Amino acid sequence: MNDNGEFAIQARGLTRRFGALVAVNEVDLDVPSGKIYGFLGPNGSGKSTTIRMLCGLLTPSSGQANVLGLDAGRDSEALKQRIGYMTQRFSLYEDLGVRENLQFIGEVYAIPRRERRRRMDELLGRFNLKGRERQRAGTLSGGQKQRLALAAATMHRPHLLLLDEPTSAVDPSNRRDFWEALFELAEQGTTILVSTHYMDEAVRCHNLAILDRGVKVADGSPRRLGENIDTHVIEVRAPDADAAHLVLHGVAQIVSLTRLGSKLRAQIPKQIPQPAAIVDQALRRAGIAAQVDQVFPDIEDIFVAVTELREARSAKVVETDS
Amino acid sequence: MRSLVRIFAIMHKELLQLSRDRLTFGMIVGIPLIQLLLFGYAINTDVRNLSAAYVDEADSHLSRQLLADMSATQVVVLRQRLASAEELTRLLDSGAVSVGIAIPDDFDRRVIARDRPALQLLVDGTDPIILGVAEQLATIPVRFDSQTGLQERRRMIEVRNYYNPERRSAVNIVPSLVGVVLTMTMVLFTGIAIVRERERGNLELLINTPVRTVELMLGKIVPYIVIGLIQLVIILALGRTIFSVPIMGSEWQVLIVSLVFISANLSLGLLISTVAATQFQAMQMTFFFFLPSILLSGFMFPFEGMPEIAQYIAEVLPLTHFNRLIRGIILRGADVSLMMQELAALAIFTAVALTLAVLRFSKRLD
Numbered sequence: 001m002n003d004n005g006e007f008a009i010q011a012r013g014l015t016r017r018f019g020a021l022v023a024v025n026e027v028d029l030d031v032p033s034g035k036i037y038g039f040l041g042p043n044g045s046g047k048s049t050t051i052r053m054l055c056g057l058l059t060p061s062s063g064q065a066n067v068l069g070l071d072a073g074r075d076s077e078a079l080k081q082r083i084g085y086m087t088q089r090f091s092l093y094e095d096l097g098v099r100e101n102l103q104f105i106g107e108v109y110a111i112p113r114r115e116r117r118r119r120m121d122e123l124l125g126r127f128n129l130k131g132r133e134r135q136r137a138g139t140l141s142g143g144q145k146q147r148l149a150l151a152a153a154t155m156h157r158p159h160l161l162l163l164d165e166p167t168s169a170v171d172p173s174n175r176r177d178f179w180e181a182l183f184e185l186a187e188q189g190t191t192i193l194v195s196t197h198y199m200d201e202a203v204r205c206h207n208l209a210i211l212d213r214g215v216k217v218a219d220g221s222p223r224r225l226g227e228n229i230d231t232h233v234i235e236v237r238a239p240d241a242d243a244a245h246l247v248l249h250g251v252a253q254i255v256s257l258t259r260l261g262s263k264l265r266a267q268i269p270k271q272i273p274q275p276a277a278i279v280d281q282a283l284r285r286a287g288i289a290a291q292v293d294q295v296f297p298d299i300e301d302i303f304v305a306v307t308e309l310r311e312a313r314s315a316k317v318v319e320t321d322s
Numbered sequence: 001m002r003s004l005v006r007i008f009a010i011m012h013k014e015l016l017q018l019s020r021d022r023l024t025f026g027m028i029v030g031i032p033l034i035q036l037l038l039f040g041y042a043i044n045t046d047v048r049n050l051s052a053a054y055v056d057e058a059d060s061h062l063s064r065q066l067l068a069d070m071s072a073t074q075v076v077v078l079r080q081r082l083a084s085a086e087e088l089t090r091l092l093d094s095g096a097v098s099v100g101i102a103i104p105d106d107f108d109r110r111v112i113a114r115d116r117p118a119l120q121l122l123v124d125g126t127d128p129i130i131l132g133v134a135e136q137l138a139t140i141p142v143r144f145d146s147q148t149g150l151q152e153r154r155r156m157i158e159v160r161n162y163y164n165p166e167r168r169s170a171v172n173i174v175p176s177l178v179g180v181v182l183t184m185t186m187v188l189f190t191g192i193a194i195v196r197e198r199e200r201g202n203l204e205l206l207i208n209t210p211v212r213t214v215e216l217m218l219g220k221i222v223p224y225i226v227i228g229l230i231q232l233v234i235i236l237a238l239g240r241t242i243f244s245v246p247i248m249g250s251e252w253q254v255l256i257v258s259l260v261f262i263s264a265n266l267s268l269g270l271l272i273s274t275v276a277a278t279q280f281q282a283m284q285m286t287f288f289f290f291l292p293s294i295l296l297s298g299f300m301f302p303f304e305g306m307p308e309i310a311q312y313i314a315e316v317l318p319l320t321h322f323n324r325l326i327r328g329i330i331l332r333g334a335d336v337s338l339m340m341q342e343l344a345a346l347a348i349f350t351a352v353a354l355t356l357a358v359l360r361f362s363k364r365l366d
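As they're listed, the protein sequences go chains L and V. Sequential numbering from 1 applies to the first sequence in the working numbering. Sequential numbering from 1 applies to the second sequence in the working numbering.
FYI, nobody ran anything at the bench for these hints, they're computed from the structure. The model shown is predicted, which means the values in this text are computed figures rather than measured ones. Heads up, the beta-carbon is just placed ideally off N, CA and C, and yes, glycines get one too. Every clue listed holds true.
FRET-style restraints, in silico, Cβ to Cβ:
id, chain 1, residue 1, chain 2, residue 2, range
1, L, Gly138, V, Phe288, 28 to 36 angstroms
2, V, Ala351, L, Ser141, 46 to 54 angstroms
3, L, Asp28, V, Ala351, 45 to 53 angstroms
4, L, Glu26, V, Val275, 30 to 38 angstroms
5, L, Arg17, V, Ile225, 36 to 44 angstroms
6, L, Arg89, V, Pro128, 53 to 61 angstroms
7, L, Met199, V, Asp21, 39 to 47 angstroms
8, L, Pro42, V, Gly201, 19 to 27 angstroms
9, L, Arg17, V, Gly201, 20 to 28 angstroms
Using the sequences and the hints, build the whole thing.
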């Protein structure tokens with residue numbers, strides 16, 4: 001396998017322990033080239049640790065990762081010329097100006113002077129930082145900082161970008177712009193691995209891996225993940241959502257019940273036939289008017305199904321209110 | 001070639017940051033200035049004008065003559081005449097005077113008879129320097145000039161004061177101060193250099209770039225070498241104009257010796273930087289190193305007078321070797337070829353510290 005291979009990253013049995021804690025446990029990954037691959041998981045699920053192992057910052061306790069045809073543990077120095085890494089915390093120099101930061105990065109990657117200058121102008125334009133060239137990075141807003149960090153991470157035209165929760169300190173409109181930039185990069189052939197705990201961002205990825213306490217619990221495209229979960233999702237619209245909630249809480253077949261305003265989403269194991277009818281009948285018996293439909297799982301349903309239900313298999317009702 | 005570009009990139013960045021850090025910038029000029037003025041004026045081992053009180057029970061021509069002689073040495077200033085020896089002790093106890101002169105009523109008879117000491121000096125010996133100075137008073141001849149029978153006692157040993165005939169403390173202080181200031185600032189600056197990047201999160205980005213550890217270390221050291229040389233010039237120039245301390249030896253040799261010494265301190269700073277977890281820890285470690293440097297290097301006390309174990313410790317400190325070198329070149333006009341082993345010691349220290357720093361620094365987080 002090499003750079004032009006089908007997969008930019010292939011990892012087998014990747015494991016990292018910190019003392020007694022297993023931060024990442026036997027993770028297998030196949031990240032296709034030129035696509036955006038997402039890591040979805042709550043804080044402490046091992047997203048950062050996995051990314052750090054993939055760029056050679058952390059040595060795996062066991063298992064191995066092949067990144068761009070190189071062994072991430074052994075050839076980490078050679079890898080550094082070809083990957084871009086954006087840390088969770090802003091890690092450029094706050095006491096340097098926007099242009100000075102980019103110049104430093106350009107010099108560190110030994111990009112020739114003329115090419116460096118052209119690249120800086122191009123990136124300042126693309127990431128909407130023109131006119132702020134001399135501003136100290138420390139005084140930029142959250143969104144501007146992220147754009148600068150992304151500009152710096154792509155300065156040397158890496159084949160693979162590893163982004164560790166890049167939008168955690170950014171407002172929604174800036175997040176949308178940021179993702180536009182990511183798609184643009186992916187179209188140009190850059191493979192992007194991005195971790196997030198935002199559901200809406202996760203859906204945008206071509207492929208997705210869901211991590212839970214160091215274990216990869218599911219992966220695939222958002223559509224495939226929806227097809228593969230082992231529950232049906234029933235959406236209930238009821239004028240009196242509180243009453244409906246109370247009734248459905250008592251239905252044994254429902255393994256997860258989520259409330260979204262006036263809507264309820266219930267999950268029922270796939271092996272139970274006619275799930276919508278069960279819900280409908282339960283509500284009718286209680287005399288509650290409601291519209292009941294079986295729907296395709298959205299990302300939140302998938303997340304609940306693969307994480308919370310994984311440990312609560314014994315048909316116990318798991319409740320999440322949002 | 002790429003390696004040079006990367007070293008230059010780190011240097012460039014370091015200088016930019018430095019020019020924006022007003023506190024550090026102030027320290028570069030402020031520390032040598034303040035230290036030079038403080039130490040240059042305050043440290044004076046040639047003590048004069050000690051406060052003294054006296055009891056003159058004899059009150060004879062000879063006793064008054066003696067007191068006048070003592071006063072003329074300028075070692076003591078006679079502040080009070082007291083009525084009894086008890087009062088004298090009380091005054092010493094209170095710390096109001098450091099020397100007491102007690103002349104008994106049979107003073108004249110004792111001088112003639114020469115069988116017992118004619119008078120007593122009561123000295124506050126808690127400060128050995130005062131004791132040493134007061135003992136000079138004991139060498140004043142006491143006799144009646146009419147005593148022709150007694151031949152004059154000649155001094156059998158002559159002391160010749162080389163290199164510092166005026167006995168000015170500043171002459172000894174100024175060259176050593178170069179070393180003290182450089183130890184303090186150089187170790188501190190580089191000591192926090194890498195820790196700061198780690199604390200601010202910059203390091204995680206930096207170790208993900210192709211920068212090699214050696215390149216990072218060199219890029220961090222070189223700007224501070226220049227700063228060290230600026231400090232050297234400040235101290236020597238001011239030492240010359242304010243305290244008239246001339247450079248007897250070659251200025252080139254001063255430069256070379258200082259360069260090696262600066263490198264030694266910077267390497268140590270980098271080593272501290274790779275060990276410390278926070279800037280505060282780096283600062284603590286710097287002072288942990290700074291204190292023995294000041295006390296044991298011969299800056300404060302003569303090296304030969306220290307216990308053997310202290311001398312062994314001192315030999316490990318760069319400042320000890322630098323003090324010998326810089327005093328030799330500046331004060332005695334010595335050629336550095338006479339002190340090659342001192343220069344070699346500094347070079348070895350640098351090599352060891354830098355190697356350890358490079359080995360300890362890891363481009364990984366685990």
